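Participant: Those protein sequences? They're chains R and L, same order as listed.
According to the UniProt record's numbering, the first sequence is numbered sequentially starting from 1.
According to the UniProt record's numbering, the second sequence is numbered sequentially starting from 1.
Be aware that one or more of the hints could be misleading.
Copies of the same chain look alike in the list, so a pair counts if it works inside one copy or between any two.
Claimed, not checked - Distance condition first, Cα-Cα at most 27 Å in a straight line; then the derived DSSO-like pairs of lysine-lysine:
| hint | residue 1 | residue 2 |
| --- | --- | --- |
| 1 | Lys259 | Lys667 |
| 2 | Lys259 | Lys282 |
| 3 | Lys516 | Lys370 |
By construction, these hints were calculated from the structure, which means they are not laboratory data.
Note that the structure is a prediction, hence the values are computed from the model and not measured.
Read off the chains here:
There are 2 protein chains.
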Amino acid sequence: MVASPEDPGNFLSNLAPHPLDQLSTNEIDIARDVVLQARLPASVVFRNTALEEPTKKVLLPYLVAERNGKLNDATLRPPRLARVLYDIVTSDAAWEFCDSVVNVETSEEVFFEVVEHHYHAPLSGDEIRDFPEIVRKSTMFQEALIDLSLPDNVIVVIDPWMYGGCSSPGSEPRYMQGLVYTRDPATNDPDSNHYAFPLPIIPVVNMATREVVRVDKLCTGGVNDGFQTDTHPQNAIGHCESAEYIPELVSGGLRQDLKPLNVHQPEGASFHVTGNLVQWQKWRFRVGFNYREGATLHDILYEGRSIFYRISYSEMSVPYGDPRPPYHRKQAFDFGDGGAGRATNSLQLGCDCLGVIKYFDAVMSDGRGKGMVVQNVICMHEQDNGIGWKHSNYRTGRAVVTRNRLLIVQFVITLANYEYVFAYNFDQAGGLAIETRATGIVSTVPIDPGKTSLWGNVVHPGVLAQNHQHLFCVRIDPWIEGPQNTVLYEESHVLPWNEETNPHGNGYEVRQTVLKKSGWADAAPHHNRVFKIVNPNHLNPISGRPVGYKFALPATQLMLAHPESLMGKRAAYAMHHIWVTKYRDHEYWAAGRWTNQGNVERGGVRDMVDRGENTENEDIVLWHSFGLTHNPRVEDFPVMPVEIYTIQLKPADFFTRNPAIDVPSTKNVTSQYYEQVSGIVRANGHTKCNEQRSSGINGCCGVNNGV
Amino acid sequence: MVASPEDPGNFLSNLAPHPLDQLSTNEIDIARDVVLQARLPASVVFRNTALEEPTKKVLLPYLVAERNGKLNDATLRPPRLARVLYDIVTSDAAWEFCDSVVNVETSEEVFFEVVEHHYHAPLSGDEIRDFPEIVRKSTMFQEALIDLSLPDNVIVVIDPWMYGGCSSPGSEPRYMQGLVYTRDPATNDPDSNHYAFPLPIIPVVNMATREVVRVDKLCTGGVNDGFQTDTHPQNAIGHCESAEYIPELVSGGLRQDLKPLNVHQPEGASFHVTGNLVQWQKWRFRVGFNYREGATLHDILYEGRSIFYRISYSEMSVPYGDPRPPYHRKQAFDFGDGGAGRATNSLQLGCDCLGVIKYFDAVMSDGRGKGMVVQNVICMHEQDNGIGWKHSNYRTGRAVVTRNRLLIVQFVITLANYEYVFAYNFDQAGGLAIETRATGIVSTVPIDPGKTSLWGNVVHPGVLAQNHQHLFCVRIDPWIEGPQNTVLYEESHVLPWNEETNPHGNGYEVRQTVLKKSGWADAAPHHNRVFKIVNPNHLNPISGRPVGYKFALPATQLMLAHPESLMGKRAAYAMHHIWVTKYRDHEYWAAGRWTNQGNVERGGVRDMVDRGENTENEDIVLWHSFGLTHNPRVEDFPVMPVEIYTIQLKPADFFTRNPAIDVPSTKNVTSQYYEQVSGIVRANGHTKCNEQRSSGINGCCGVNNGV
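Sequences are here, hints too, so could you generate the full structure?
Facilitator: Right, here's the structure in full:
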């Protein structure tokens with residue numbers, strides 16, 4: 001037995017945690033104490049503490065021994081390390097952002113650095129919590145509000161934001177900015193959708209002095225108003241109207257005719273969980289979680305064969321395309337600037353997931369650096385996704401059909417207005433889909449009554465939803481039957497039409513390009529460009545081709561901002577769809593380690609590939625950047641229906657047949673005819689089956705009307 | 001009450017069928033009798049009889065009156081017409097392919113033509129059934145088999161195929177070809193997967209004389225064997241091995257650890273069906289079916305507002321990319337050459353669909369032109385598809401989340417080896433997804449032992465799965481609040497970087513292009529090209545933009561064969577992603593009406609757009625062609641896991657808010673914790689909720705860990 005996130009404080013036995021287990025609250029507290037001691041007499045303000053994952057050199061042999069049942073006392077077990085991010089306050093009240101690694105088994109600090117001064121730390125929970133009050137108390141802000149001639153009883157709501165790009169971050173103070181709204185003055189409900197009442201000001205706070213330094217005025221005009229900031233009506237929200245989403249306030253009431261649809265698993269779920277180890281339908285993997293990436297997957301095997309070492313979302317950035325200042329600073333890096341794990345929802349049974357649900361908790365650090373458990377951050381459950389495979393022999397009428405059962409590992413984050421649902425969906429045919437859903441509330445700014453804008457859409461009276469992009473990057477560290485892998489792509493091209501080799505002009509060939517050096521590549525759907533990660537040292541015994549996984553990525557629009565603009569320079573990762581780098585420990589961050597208030601992507605994928613290392617038959621990492629260019633429609637307000645983007649990783653000559661061919665095709669006997677349930681007599685009765693085959697009465701058969 | 005497909009022979013009342021109801025068996029029989037009479041003394045061999053849908057001029061006002069409750073005796077009710085396809089055999093045994101329209105209410109033939117001789121009729125059920133026997137009895141074929149030195153007890157299986165492209169179809173006889181295999185000699189099971197035992201011959205039959213005219217020899221060599229046809233081993237299947245998919249024969253047995261997942265709808269389904277009219281979650285539409293297109297959707301409204309007049313799959317073609325003759329003739333047009341409806345599966349409760357299922361039957365004509373019912377060709381049911389929308393107010397912790405409930409309308413076809421699952425998926429936010437899944441068995445040809453090929457993949461010993469494309473076309477006849485619509489596309493482009501208008505280089509604009517004349521356009525994902533169908537006469541009251549639907553299509557590779565090759569010329573529809581034509585009655589066929597054994601696409605979308613008609617603010621039709629370039633992997637054998645392609649049609653400023661904002665967010669109380677089900681004690685208990693809001697104890701709340 002190993003300790004698990006369900007048992008964060010007390011080990012269930014005397015055995016050590018698994019190297020990939022999250023830190024326990026106890027371990028976090030140890031790290032805290034070590035850092036406090038080490039930094040005396042300076043005082044410490046903690047930001048984030050998380051597991052420092054073991055280096056691959058130490059972890060990989062451990063995992064191999066573990067999966068082969070060969071762990072013993074002599075096995076090199078990686079030490080338990082914690083990475084602690086914090087500020088130190090020196091005696092003269094100067095602040096320095098620091099970074100330590102603590103061995104929580106020996107209570108020793110093994111690494112310490114003061115982070116270079118041109119980097120700003122990510123936002124902390126305390127800063128996010130304190131920001132609105134700092135703004136509210138500011139005289140400068142209060143005067144700005146007076147200018148807006150708001151109704152007397154309005155309650156102002158302030159969404160804290162990172163500042164965005166900064167041309168000289170080393171010489172500028174640590175800033176935050178706020179987007180400002182009011183609740184619906186008619187109700188002032190605490191859950192009123194304040195995004196329907198945007199105010200034309202953005203306060204900027206110096207977070208070192210904790211003072212509002214300026215209040216930017218926003219452009220609220222239309223197509224002919226250029227960059228003017230004084231066009232709004234006297235009562236800045238006089239032309240606004242409520243747009244509520246909480247059920248008791250939805251205008252017109254709720255639908256009454258939706259009947260329940262329940263998922264029952266009378267024999268329980270088909271998965272098994274021990275600590276963070278999951279086993280399901282020949283898959284075996286571990287689930288991690290940290291404050292920055294949210295849920296991570298590790299040591300992913302199918303039928304005992306390794307496929308992926310580690311998969312996670314690495315970064316996301318949401319640049320806005322409105323050229324009117326200060327909107328050029330609307331560009332959050334939600335992983336680097338704050339942390340997706342920090343923003344994660346505690347999920348609710350029967351709401352976020354249906355059926356038999358396994359929840360995983362997170363263990364993170366609080367504002368004082370102490371360990372805390374956040375419950376139910378990941379929900380895991382099975383789901384039916386229609387037909388998995390089917391074939392009917394039209395001669396005999398015998399149909400064999402199986403259902404496509406998925407295992408969903410999902411987490412949801414809230415970033416002020418927006419929500420993102422991230423899911424890793426495993427299927428029985430060796431496939432893994434990485435699915436991203438955007439929902440929540442679009443970011444809104446004011447627009448004058450009767451006007452329209454080139455920079456977004458009017459989604460409600462007085463409300464402009466600005467055009468923007470969601471630019472994600474997923475990090476895939478493959479382990480296709482071993483760490484030595486190659487990334488290549490294949491394209492399908494028509495052959496020249498000639499009498500000798502292609503006499504009828506129908507032939508096409510598949511051309512392969514190997515990515516031999518670290519670099520990038522883009523999607524090319526018109527050539528059916530398919531990326532593959534292969535192990536050139538292991539050939540499929542049937543086809544003779546290297547075993548591998550393929551990766552058909554839908555082509556999406558990437559970063560629109562000029563590459564040399566602040567927006568563009570900060571997100572070089574978003575310039576190309578695929579980046580391939582040579583593996584280095586701790587290189588997790590597509591846009592670099594420190595993104596907040598930066599002016600350029602440092603240490604991100606662009607810098608990684610510039611090392612020009614060999615990536616053929618090497619330990620490599622593949623990064624996939626994709627975008628959703630979002631030019632909002634009225635239907636996206638007040639809360640947008642999910643936009644779904646899916647990456648599919650599928651075996652390509654990894655197996656010797658369809659790995660799901662052995663999925664049983666048992667008929668689900670609880671399904672019912674609509675007429676039976678509705679009490680209608682159905683004139684023609686039920687489908688008659690051909691003579692049953694010897695597979696028994698529960699086999700799926702069907703009459704095929706081929707002729 | 002109107003007659004329904006569930007009551008095909010007997011009207012439940014004296015009222016006439018709905019104009020969009022399929023023909024009843026009675027009506028088909030009437031059409032048969034009229035044609036027989038009209039063609040005397042010639043005898044008739046029937047092919048297909050189906051509803052001739054009313055012209056839009058007559059139907060549209062009827063539908064409008066119907067939806068407004070204004071149908072009365074004076075309403076112009078379209079006559080019930082049947083389109084009958086058949087051959088006449090004249091006294092001197094010459095055959096002519098003919099086409100009639102019969103008014104089945106008055107028993108009068110209202111149209112008759114002899115189809116031009118350069119067109120071949122689609123394959124009939126009888127031809128498909130008879131073909132293998134014709135081949136088996138042929139001496140030429142038997143001698144060809146002897147040359148293959150097969151084991152004594154083999155049972156040869158012959159898959160009937162259309163002949164493919166023909167350079168002078170008018171002067172060549174009607175042909176069919178056969179792909180030839182054997183059952184597994186070890187078992188000779190009737191459901192043995194014969195595709196694992198391909199033979200290197202293709203017999204060609206003259207279907208007029210019903211004789212094998214030649215037996216083509218196939219190239220079975222590898223990369224260095226060019227077009228040689230004599231390289232196969234003496235026993236042509238000696239190096240082959242079984243690859244079974246029927247459960248009792250799957251090598252290694254079936255998985256034993258998959259537990260049931262049931263969908264229960266204790267209060268029944270949320271949809272209502274009367275005849276072919278479906279109502280669900282503000283959607284209202286009619287379901288049709290015919291022998292060629294399979295399931296069709298008509299008169300699609302949401303909250304009483306019209307969106308689509310008619311949607312269907314129009315054509316699909318599967319060209320093979322192997323240049324070695326005669327593989328250039330592997331190109332089926334499964335709708336035009338035979339009919340998707342003809343190939344449709346009768347679906348089985350609990351196998352093809354889960355939950356409370358409504359089945360629709362088809363009424364088609366048999367080989368003698370008489371009406372017959374084919375049961376359960378369409379299954380319709382609800383499905384949960386995860387989170388629909390969610391927002392959490394991080395300040396209060398209150399989360400509101402709704403489930404994304406879909407209504408699936410699905411049919412499945414079997415085309416000898418391949419299966420396709422077609423589904424129309426409605427969602428509660430006004431969206432309609434058109435989803436295509438390819439499964440079944442890849443087409444296989446022999447390959448010599450130990451060799452590999454440029455033209456496909458060895459997926460099993462001796463089995464080459466050739467590279468090919470699946471090229472589909474969906475026909476969308478919009479009715480966005482009226483018949484006068486426009487198709488346009490929008491792209492997002494970066495603005496020039498300059499001090500006056502874009503000082504920080506982040507701005508981007510949306511550029512619109514209207515398709516004013518009939519023509520084509522392609523996907524351009526790097527520009528985020530989004531197609532929209534709008535009604536320029538109706539503006540959204542919130543945004544001021546024309547109401548519309550958008551259509552983000554994943555870019556796919558289109559036809560690879562040379563445009564001037566036989567393969568390319570026959571499928572001009574597959575050269576571009578989007579075609580916009582001016583509506584004309586009965587223009588349903590993207591590749592033209594008669595595709596079988598053709599040499600060029602006639603009367604398809606290319607010819608339609610060449611009319612150069614005005615398409616701005618007109619009654620238009622949008623055709624979407626998409627492809628799956630399929631270069632098989634070993635995992636695609638013996639039956640391939642579904643490949644899924646989805647087109648999303650979503651409202652774009654059609655509504656004044658998220659149309660699903662009023663979906664209730666009731667917690668599903670039947671979901672369970674994994675630990676409870678598994679008998680594990682969970683250390684930290686359940687999630688605690690913030691104080692419940694007044695929405696009641698079943699509201700979905702959640703603790704948000706925003707900070």
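Participant: All hints are to be evaluated individually against the structure, with a verdict given for each.
Facilitator: Hints, verified against the model:
no.: 1; hint: Lys259 with Lys667; verdict: both (24 Å within a copy, 12 Å between copies)
no.: 2; hint: Lys259 with Lys282; verdict: between (35 Å within a copy, 14 Å between copies)
no.: 3; hint: Lys516 with Lys370; verdict: neither (46 Å within a copy, 65 Å between copies)
Violation of the numbered hints given earlier is confined to hint 3; every other hint is satisfied by the structure.
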